[in-house]
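Q: First to last, the protein sequences are chains F and Z. Just add 220 to the spot in the first sequence (first one is 1) and you have the numbering used here. Just add 220 to the spot in the second sequence (first one is 1) and you have the numbering used here.
Worth flagging that the hints you see were computed from the coordinates, not collected in a lab. Please note that the accuracy of each hint is not assured.
No distinction is drawn between identical chains; accordingly, a pair holds when it is met within one copy or between any pair of copies.
Here are the simulated lysine-lysine pairs, DSSO-like style, with alpha carbons at most 27 Å apart [as the list claims (entries may be wrong)]:
#: 1; residue 1: Lys576; residue 2: Lys336
#: 2; residue 1: Lys226; residue 2: Lys266
#: 3; residue 1: Lys266; residue 2: Lys440
#: 4; residue 1: Lys601; residue 2: Lys650
#: 5; residue 1: Lys467; residue 2: Lys601
#: 6; residue 1: Lys336; residue 2: Lys503
#: 7; residue 1: Lys336; residue 2: Lys266
#: 8; residue 1: Lys503; residue 2: Lys610
#: 9; residue 1: Lys440; residue 2: Lys474
Protein chains: 2
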Amino acid sequence: MEGLSKALARYIVSVRYEDLPEVVIAFTKLCILDYFGSAISGAPTKPVQMMDAMVRDMGGNPQAAVVTGGSTSVMNAAFVNGAASHISELDDIHKASIIHAATVVIPAALAVGEWKGRSGKELIEAVVAGYEVCYRIGEAVSPSHYYYWHNTATCGTFGAAAAAAKLLGLNEEQMVEALGSAGTQAAGLWEFIEDGAMSKQLHPGKAAMNGVISALLAAKGFTGAKKILEGRRGFFNAMSEDYDVSKITDGLGKQHKIMENSFKVHASCRHTHHAMDLAIELKKERDIQPDEVESITVNTYQVAINITDNEEPDTVYAAKFSLQYCTALALVTGEGGLDQFTEEALWDETIRAVMKKVHVASVPEIDRAYPEKWGARLVVKLRSGEEIVKETDFPKGDPENPVSEADLVRKFMRMAGQTEGIHPKDFSEKVLELEHIDDVRQLMAPFAALEPMAE
Amino acid sequence: MEGLSKALARYIVSVRYEDLPEVVIAFTKLCILDYFGSAISGAPTKPVQMMDAMVRDMGGNPQAAVVTGGSTSVMNAAFVNGAASHISELDDIHKASIIHAATVVIPAALAVGEWKGRSGKELIEAVVAGYEVCYRIGEAVSPSHYYYWHNTATCGTFGAAAAAAKLLGLNEEQMVEALGSAGTQAAGLWEFIEDGAMSKQLHPGKAAMNGVISALLAAKGFTGAKKILEGRRGFFNAMSEDYDVSKITDGLGKQHKIMENSFKVHASCRHTHHAMDLAIELKKERDIQPDEVESITVNTYQVAINITDNEEPDTVYAAKFSLQYCTALALVTGEGGLDQFTEEALWDETIRAVMKKVHVASVPEIDRAYPEKWGARLVVKLRSGEEIVKETDFPKGDPENPVSEADLVRKFMRMAGQTEGIHPKDFSEKVLELEHIDDVRQLMAPFAALEPMAE
């Protein structure tokens with residue numbers, strides 16, 4: 221029987237921009253834009269600055285830009301840009317494989333793409349292929365793998381290798397070798413979560429870098445295990461209790477799994493998003509004033525209540541896990557991004573007054589539909605006696621309730637807004653016209669020109 | 221209860237050259253010399269040259285020399301020098317943990333030591349600590365870990381991190397973080413063996429590099445899991461069926477496990493070494509001529525027969541796994557190093573004539589003692605009617621049958637002899653006087669000055 225790496229390799233080589241449906245191209249550009257928002261907002265944070273300082277000590281040829289400013293080697297750039305995009309907790313997520321693909325696939329693709337002067341179209345091909353490969357591998361080892369292993373890191377390594385290899389123009393045989401080297405470098409244990417350690421950022425950085433190493437070595441003729449996934453002593457057997465080979469091959473080349481990607485639009489726990497969506501929708505429809513409100517009821521599933529029923533959040537972090545606070549914040553401000561979750565907003569009297577009027581409860585009909593549907597019902601009673609009811613089955617950003625391009629551009633503008641030297645509007649327009657860019661260097665030029673931040 | 225990382229960290233910090241017994245210092249220098257022999261002989265090989273070319277493309281500040289010639293970043297140097305020393309199949313081995321420690325610990329130590337201008341004494345401390353840490357972790361996860369995982373790579377990452385962290389002068393807390401980052405990067409699957417893929421060299425190179433990354437990041441304040449070994453979602457639970465925590469702590473700081481290291485003196489399968497030792501000993505005692513020999517019998521344990529009973533080897537590789545050939549080669553040449561296992565020697569008429577007279581067989585009394593003893597009995601019958609009998613319980617290089625310094629220097633001279641710009645005699649003398657070297661740069665200068673080999 222043909223090996224799984226061979227099947228994946230053939231798929232990766234076969235991906236062509238010209239064959240991609242327009243909707244896939246448009247969606248992939250949004251994934252890339254969304255990646256940049258997370259990466260730019262993560263660049264100044266401590267873990268990323270430490271990783272950046274470390275690779276600056278090492279040095280490297282100026283081949284690829286880093287979001288922390290300046291240029292370094294392809295390996296180093298993948299490392300830093302991978303870490304940067306996985307700290308603001310707003311990067312994309314694939315529910316079935318539990319992988320944040322952007323944070324590993326896109327930095328690998330950007331670094332190689334810039335180094336080799338590839339076009340925007342080629343970048344899109346590489347990202348589509350990279351997402352497909354890691355989503356499939358993640359689904360194949362779910363759910364057991366996830367108990368010990370950080371799928372974004374382990375499975376993500378294959379996705380990064382696929383994207384890097386695609387942009388290096390490797391052939392099928394070389395692609396198989398690259399996947400072999402990727403799998404034998406795959407690592408990333410969940411143990412760090414016990415201490416809230418910075419491994420969270422190290423993992424995607426290393427996965428992106430290891431994927432790049434795998435592709436660069438394969439381009440030189442370096443060999444790896446040809447059946448790294450299904451082999452007797454390979455990735456599946458070593459790192460999962462159960463695995464489903466069909467997840468790799470079923471429909472391969474006939475679908476575009478990147479379309480299953482979920483975006484996060486609010487900077488809070490996912491279990492607060494449904495109610496925030498509804499409150500923001502209401503705020504847009506009619507500008508209800510805080511003192512018009514008599515009471516607000518949020519009905520949802522039990523898991524959301526377990527995790528986010530908090531009447532008195534006293535830190536910004538806790539506020540992001542308070543369904544009461546998040547609902548009030550959304551209704552008062554009409555937004556829920558990084559700019560809204562501030563120390564000032566936490567103690568804002570108007571928001572706090574509305575928060576006191578919010579009551580949350582689980583109801584059977586919504587609870588039964590979970591986890592297929594992450595639903596909520598919002599009931600706003602006004603002093604006038606009027607009662608407004610709104611419902612949703614899926615938080616915004618899920619494939620079943622897609623965000624608009626405008627929403628994601630707005631999210632990007634908020635996340636990228638604070639970096640000197642980056643003009644968010646120009647930059648987002650460039651990403652959304654990526655297919656017209658001849659050379660990824662043009663896209664990365666603003667970062668290359670940035671002064672590195674002080675440590 | 222105190223975490224295992226904390227206990228290891230305290231030990232690593234506590235290692236002081238002044239406290240090391242002379243015999244440990246002398247032995248550690250031999251480990252380092254032996255490392256260089258393997259690294260120098262591996263430098264021109266294809267996989268190493270590919271890895272070298274890859275990091276040359278990337279570039280890096282000239283911080284540390286590579287055995288392939290020139291200088292590069294600490295990370296890159298650890299990568300290339302780790303790979304180079306694991307290809308000639310003559311690097312050291314620890315039986316209980318199944319780890320080749322030299323190939324991961326020493327390149328990490330050399331790279332950081334050179335960069336930071338550390339002394340020979342500090343290098344010795346780091347190597348002692350690095351061996352101790354990875355041997356203990358390897359023993360703790362044996363035997364189940366080894367089925368899927370290449371211990372040299374996975375456990376070796378901790379040893380490399382320990383050595384690098386020691387030379388960076390990290391304190392106990394930073395050392396714990398470094399071990400956390402090391403464990404969450406630990407990787408290396410045996411699947412490559414099915415294809416004889418080059419992952420064999422990638423593994424120690426990456427382990428050395430990942431260890432260095434862990435230490436460099438910890439020096440910047442980067443955090444990792446504090447219980448990466450024994451934690452619920454840590455290294456032990458994720459990567460072994462059974463593990464023995466006592467192997468980490470029992471006797472820690474009171475013994476020097478580097479002394480359990482085995483050296484290989486012959487360039488063939490370990491199961492041929494006992495008979496070769498005896499034949500070489502005989503050749504030294506009296507110069508028996510090939511045509512004096514009537515017959516030779518090798519009695520040994522069954523496993524040796526299973527793997528090395530081959531009357532007609534037809535490649536150099538097969539010759540290394542032929543007990544008949546190896547015994548004949550040793551008796552005719554009085555040696556068994558890399559220089560002896562050549563295409564010419566394979567078809568040498570004199571050696572082939574003696575080979576035909578060699579009979580091999582398992583005998584119960586030797587077989588019963590295996591695997592504690594890897595014994596053999598050599599019976600040489602001469603045409604004169606005289607019968608010479610020689611026996612051994614341990615192949616030379618085992619701790620129970622140590623090789624002499626002179627043997628290891630001779631092995632080094634053979635392995636290093638072919639590299640232009642390296643004067644094996646001067647270099648070995650320098651290593652054997654390592655404690656008098658003020659700065660590791662002096663040791664590495666000949667490599668830094670070497671012209672990089674053509675790809």
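Q: Tell me the hint numbers this structure goes against, listed in increasing order.
A: Going through the list in order, the structure violates hints 1, 4, 5, 6 and 9 and respects the others.
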